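Here is what each chain is made of, one letter per residue.
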Amino acid sequence: MRKRIAVLLAGVMVCSMLTACGSTEEPKEEPEAKQEETKEEKPESKEEKEPEAETDAKSDGDFTEEVTLDVAMMWPLDSTTDAKSYALNHAIERLEKDYPNIKINYDGSVHDDYQTIMMTYAAADTLPDVFNVKGAWIPNLVENEQIGTVDEFFENDKDWSGKFDDEVLFDMEYDGHYYGAPFQNLCCSLVVYNKEIYKSVGYEKFPETWEDMMDCFAKLKDAGYVPLGVGNSGQWVANSCIFGAMGDRGAGTKWYDDIMEGTGDGFLDKDMLKGVEKMAELADKEYLNTNLNSIDQFEVMPPYLNEEYASYVDGSWTFATLIATAGDDQSVIEKSGVAVLPAIDGGKGDYPATPGGSAWGQAYNAKLTGAKKQAAELFIKYTTDEEWCKDLAEKGDFGGMNIDYDYSAISPLVQEYAQLKSSVKKTPQYDCHFDTSVIDAMNTNFQELLIGEITPEEWGGRVQEEYELTLD
Amino acid sequence: MANNKVLQPKKRTLFLYMFPSVVLFLVFTAIPIIMAIYYSLFNWSGGKKKIFLGLGNYSRLLGDSIFGKALLNNFILAACCVVFQVGIAFIIASLICSKGLKLKSFHQFAIFMPVVLAPVVVGFLWKIIYNQDYGLLNFLLHSVGLESWIRPWIDDVDIVMKCITVPIVWQWIGLYVVIFVSAMKNIPEEIFESAALDGAGGIKKAFFITWPMTMDTVKISVILAVSGCMKIFEHIYIITSGGPGTASMVGAMYAYKTSFIKQRFGYGSTISVGIMAVSLTLVLICNVIFGKGKKKYE
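From first to last, the protein sequence lines stand for chains A and B. If you use UniProt numbering, the first sequence corresponds to residues 1 to 472, in order. If you use UniProt numbering, the second sequence corresponds to residues 1 to 298, in order.
Simulated from the structure, these hints should not be mistaken for laboratory data. Be aware that a few hints might be false.
With a cut-off of at most 30 Å between alpha-carbon atoms, the simulated DSS-like pairs for lysine-lysine come out as follows [stated by the list, open to error]:
1) A:Lys158 <-> A:Lys335
2) A:Lys195 <-> A:Lys426
3) A:Lys195 <-> A:Lys205
4) A:Lys381 <-> A:Lys158
5) B:Lys262 <-> B:Lys231
6) A:Lys425 <-> A:Lys254
7) A:Lys390 <-> A:Lys195
8) A:Lys103 <-> A:Lys163
9) B:Lys48 <-> A:Lys367
10) B:Lys49 <-> A:Lys270
11) A:Lys381 <-> A:Lys426
12) B:Lys69 <-> B:Lys162
13) A:Lys285 <-> B:Lys162
14) B:Lys262 <-> A:Lys254
15) A:Lys335 <-> A:Lys254
16) B:Lys69 <-> B:Lys231
17) B:Lys99 <-> B:Lys231
18) A:Lys221 <-> A:Lys205
19) A:Lys367 <-> B:Lys69
20) A:Lys97 <-> A:Lys367
21) B:Lys49 <-> A:Lys221
22) B:Lys262 <-> A:Lys426
23) B:Lys205 <-> A:Lys367
24) A:Lys425 <-> A:Lys270
25) A:Lys390 <-> A:Lys163
26) A:Lys367 <-> B:Lys49
27) A:Lys97 <-> A:Lys163
28) B:Lys104 <-> B:Lys262
29) A:Lys285 <-> B:Lys127
30) A:Lys199 <-> A:Lys381
These numbers were taken from a predicted model, which means no experiment stands behind them.
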């Protein structure tokens with residue numbers, strides 16, 4: 001009897017739980033579903049039935065219906081150190097003020113996690129309306145019809161699009177079309193160095209030849225400094241910020257062209273491997289920090305600011321964070337300089353040069369139509385235009401357009417970088433164009449190369465294996 | 001017998017009770033496995049476009065040295081977890097069940113506490129402990145004058161897997177302690193008393209009474225430890241992401257990197273199916289080994 005009662009009671013409990021779940025979900029689901037329908041269908045029906053009203057809405061600077069844009073980007077809105085977060089907050093404010101009916105549903109992340117999030121969305125074919133796209137992702141997204149071309153946006157507003165240089169548009173081009181609007185102009189391989197420390201070992205400025213740099217690093221090491229800090233736990237810094245320059249110093253731009261076309265010796269190319277050998281030399285002579293694979297690009301900044309590292313390698317995105325990390329004590333920043341990695345003997349590449357361009361751009365989902373697509377166009381403009389670039393400049397960062405700005409007011413270091421940027425040649429950023437599996441093979445094996453676990457030839461052999469799989 | 005039949009619920013009732021669990025199992029376990037097997041037959045980079053490869057991905061998997069290395073790391077981890085997690089947990093549980101130990105509740109709480117922490121939190125915690133410049137481990141070594149031992153622990157390919165094993169073992173010992181304590185409390189006290197009368201000490205009691213009488217629990221614990229280690233991901237993702245290079249790569253991490261970093265979702269699914277097959281084989285082996293052991297003691 002007791003068991004019967006227990007079974008009965010258990011049954012009642014299960015039923016009540018199911019009923020409870022059902023009763024709370026049902027009313028919720030209906031309006032949500034209706035909302036979705038409203039979001040998706042209204043713009044379409046508007047486009048089909050009322051094209052004139054839509055044009056009016058646009059010319060009036062207003063949308064007659066509320067449009068919600070789902071936006072996912074690699075900057076959190078509440079960051080106090082990220083220049084992009086600052087500019088993005090302003091851009092959203094401006095957009096929502098000018099177009100009150102556009103609502104932004106923002107999902108912020110950080111650079112190293114963003115790729116995973118976006119790849120998950122892409123695999124499930126549920127990309128947000130507007131997102132940051134990396135150059136290397138574009139071919140795959142285009143093949144799967146997941147990304148729309150921005151050609152028509154560029155055509156619609158030539159005053160805006162005409163301000164982008166070819167060097168920043170290069171990373172966003174695929175098959176004769178542009179798929180992203182550049183929101184930044186990067187130099188991916190830079191050395192930030194402490195001029196006073198370098199001066200103390202007899203170097204007034206950063207060495208311009210590899211031999212001089214080795215001599216300088218030997219003296220710095222003897223003086224108790226880590227000559228060159230690297231934060232490679234994210235695995236991409238060694239590739240983007242060191243190999244991007246050293247590969248080109250060794251092989252020149254033709255090697256990049258060969259890889260893209262599937263010709264040449266690939267990753268067994270002897271000239272390119274000269275650059276890798278130089279990287280291995282840095283590891284062999286212990287000129288790099290020993291914990292380079294367990295700290296990231298931000299974690300190299302405190303030891304640099306504490307003058308334990310004489311210099312560190314990173315890209316132009318470093319300045320805003322470095323200045324913010326230094327806080328009130330800007331003394332180390334004031335005695336810092338910026339340079340590119342030196343030339344190597346017998347190399348085919350140019351000097352001074354650095355891999356650079358936009359690397360990333362603002363893109364939109366190919367499924368967008370009607371008012372939502374117009375809203376996406378506006379969002380993309382607001383997050384790439386001159387105002388955006390000025391906001392970035394205020395924090396020591398550089399947008400996709402060249403603007404007149406007095407960077408010396410921010411820091412002499414940023415001013416020095418602005419001058420360097422205009423004087424160096426830009427070379428292709430390998431990790432924005434090569435196949436993602438090849439990039440991963442490069443990154444993974446650089447970790448081992450830079451702690452002396454594998455030789456440059458082994459590095460080349462392993463990456464070549466992955467590269468050949470992509471050619472198949 | 002007749003009573004049992006009366007108390008047995010009707011088939012319809014049984015079906016109704018089982019229905020929610022079966023649906024959950026189908027949605028969250030069976031269907032994803034079937035989908036993974038399906039995707040493993042394609043060259044698929046996400047999105048709509050898929051190229052059918054048949055068993056092409058599986059033949060590639062058989063020759064994949066990184067997959068082999070990742071599995072080896074999983075095996076090493078599983079062996080360490082069986083020996084240290086289950087072994088240490090058995091000893092601690094024996095101590096907790098003995099009469100000599102004071103402050104039993106405190107010990108149980110302290111040992112169980114890491115179990116309730118999220119693996120991501122444990123990963124971050126130990127990443128900080130291992131940090132070369134401000135980590136607790138190097139600080140302690142410095143404090144006791146062992147400067148020569150100071151090193152970048154998780155940057156050294158020779159010791160990185162050992163470093164990762166420590167937090168994993170540390171976190172889950174408490175779980176096995178709880179399992180063993182509950183099993184040991186079920187052993188009738190009279191057996192220990194008569195053994196004591198025959199002159200058996202604590203170690204003899206543990207070996208000849210506690211161990212054989214908790215063999216079923218040991219079996220479950222070993223299977224849990226092995227299967228847990230085969231799917232380990234969070235700790236490694238946070239601490240090293242499988243690096244330096246592939247030194248601390250494990251199967252789940254390799255599947256993740258292949259799918260989400262390399263954008264090879266088809267091959268990533270193949271790796272997942274491969275891990276599943278190996279894990280099931282290991283669990284089967286455990287069953288066979290412990291099945292024999294059980295007969296011996298029965």
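Pair hint lysine 199 of chain A and lysine 381 of chain A, alpha-carbon separation not exceeding 30 Å: violated, 45 Å
For the pair supplied as a hint, lysine 49 of chain B and lysine 221 of chain A, is the alpha-carbon distance within the 30 Å limit? violated, 53 Å
Lysine 425 of chain A paired with lysine 270 of chain A [C-alpha distance capped at 30 Å]: holds, 23 Å
Taking only the CA atoms, is the gap from lysine 335 of chain A to lysine 254 of chain A under or equal to 30 Å? Cα-Cα ~38 Å, so violated.
Next pair to validate is lysine 367 of chain A with lysine 69 of chain B; report whether the Cα-Cα distance is within 30 Å. It is violated: about 42 Å lies between the C-alpha atoms, which goes past 30 Å.
Hinted pair, alpha-carbon criterion (30 Å max): lysine 97 of chain A, lysine 367 of chain A. Please report holds or violated. Given that 30 Å is the threshold and the Cα spacing comes to 26 Å, the pair holds.
Holds or violated: lysine 381 of chain A to lysine 426 of chain A, with C-alpha atoms at most 30 Å apart: Answer holds: lysine 381 of chain A to lysine 426 of chain A is near 25 Å, not above 30 Å.
Would you mind confirming whether the straight-line C-alpha gap from lysine 99 of chain B to lysine 231 of chain B stays at or under 30 Å? Not satisfied, since the Cα-Cα distance of roughly 38 Å exceeds 30 Å.
Quickly compare the C-alpha distance for lysine 103 of chain A and lysine 163 of chain A to 30 Å and report which way the hint goes. Distance ~27 Å between lysine 103 of chain A and lysine 163 of chain A Cα, so the pair holds.
Could you grab the alpha-carbon distance between lysine 221 of chain A and lysine 205 of chain A and see if it respects the 30 Å cut-off? holds, 17 Å
For the pair supplied as a hint, lysine 285 of chain A and lysine 127 of chain B, confirm whether the alpha-carbon distance does not exceed 30 Å. Between lysine 285 of chain A and lysine 127 of chain B the Cα gap is close to 27 Å, so the pair holds against 30 Å.
Restraint status (C-alpha distance of lysine 195 of chain A to lysine 205 of chain A at most 30 Å): holds, 7 Å
The structure fails to meet hints 1, 10, 15, 17, 19, 21, 23, 28 and 30 from the earlier list, while all remaining hints are met.
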